[in-house]
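Heads up: the protein sequence lines correspond to chains A and B, in order.
Residue numbers for the first sequence follow my numbering, beginning at 1 and rising by one.
Residue numbers for the second sequence follow my numbering, beginning at 1001 and rising by one.
The hints are simulated quantities; they were obtained by calculation from the structure and are not laboratory data.
As the structure is a prediction and not an experimental result, all values here were calculated from the model.
Errors might be hidden in some of the hints.
Derived pair list, reagent style EDC-like, types lysine to aspartate or glutamate, alpha-carbon separation capped at 20 Å [said to hold, decoys possible]: (1) A:K58 <-> B:E1164; (2) B:K1103 <-> B:E1070; (3) B:K1103 <-> B:E1130; (4) B:K1185 <-> B:E1129; (5) B:K1045 <-> A:E37; (6) A:K58 <-> B:E1130; (7) B:K1185 <-> A:E37.
Below are the chains, spelled out letter by letter.
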Amino acid sequence: MTDSFPIQLAVMTAAAFLCRMAGFTLMRFVPLTPRVEAALRATPLAVMSGIVALALMKGGLAEGLALSAVAAFTLATGRDVTAALVGVAVVAALRWVGV
Amino acid sequence: MTHALFSMDGFRRGVRDGVPLGFSIFAYGLGFGLVAAQAGYGVGKAVLTSAAIYSGSAQLAAMNLLQTGEATLWALFATILVINARYLLFGAALQPWLWQAGKLRAYGSLLLLGDSNWMLTMRMIRAGEEDRAYLVGTGMPISVGWLGGTGLGAAAVAVLPRPEAMGFDLMLAAFAVSMVTAMTKSRSDLMPVIVGAGVALGVAQLVGPAPAIIAAGLAGGAIAALGAGERA
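If we strip away everything but chain A, and leave its shape as in the complex, we get (with noise of 0.2 Å):
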């Protein structure tokens, strides 16, 4: 194991640099049919949808509420950043309190 700074950087940096660029790339070749296209889609969704579920698994009740509050906020206000922000103050204000 090299302890050089630099070079640990660059190593890191090729690597994130490289997954930033690939799929972009690679989708360049592939033709847009109807099945890639709805695959496409769907994707966005099931990434985000993943990430909820693992937040939920690996948290607890002040996590989960707050989660809820959040999408309670979106579809009350449709204003869907501000939504995010008002879950991370209700997760905030819950672990203060001791939930």
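Add chain B to chain A, keeping to what the hints say.
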């Protein structure tokens, strides 16, 4: 090829929508800065790391690995690759829309891509956003928040509260809930949501959280592709 719209207007719209994200990423940056400082990084080293890798989750995983003292360069490379493999899906999902901006603008935009502005941009594309400069716009406040937060976190490690106390570890999940809620408009949208959650939970139990997210995306996409074939 005529290029799609890429205007100052769209850029400004993106900046405006990205500002609230910038604030939460700032707090996330504080978190990384704290961790980096505890691992002996100074402000310059921490900010350089955040600028070059530009992915909080990958950087935190790498710091964990480095602190074990047994990290090889291959292990570092593989860790970032696994944690950031979701960017393969991010890029693929953006490609049909973003590519129309032209090669340079498209690849340039990808440099400022992160979890939160990917979600936001995918949502706005669905709502009919035509201006490809929107993505870069959202990236501006986020990158300022990320680098500023990292620097401050590394500098002020002794006096700052833990980011968990402020709830910012839940930011990404909260953002995902709001985007999913806003984007689920029809019954056909429910299928990827259910499949994504189920597959993520299953794979997380069996393998781990990073592959779980990728598996969720792939499974949701595959189910939707099968469904599209039936309708065609």
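* To do: Please flag the earlier hints that this structure goes against, numbers listed from lowest up.
  => 2, 5, 6
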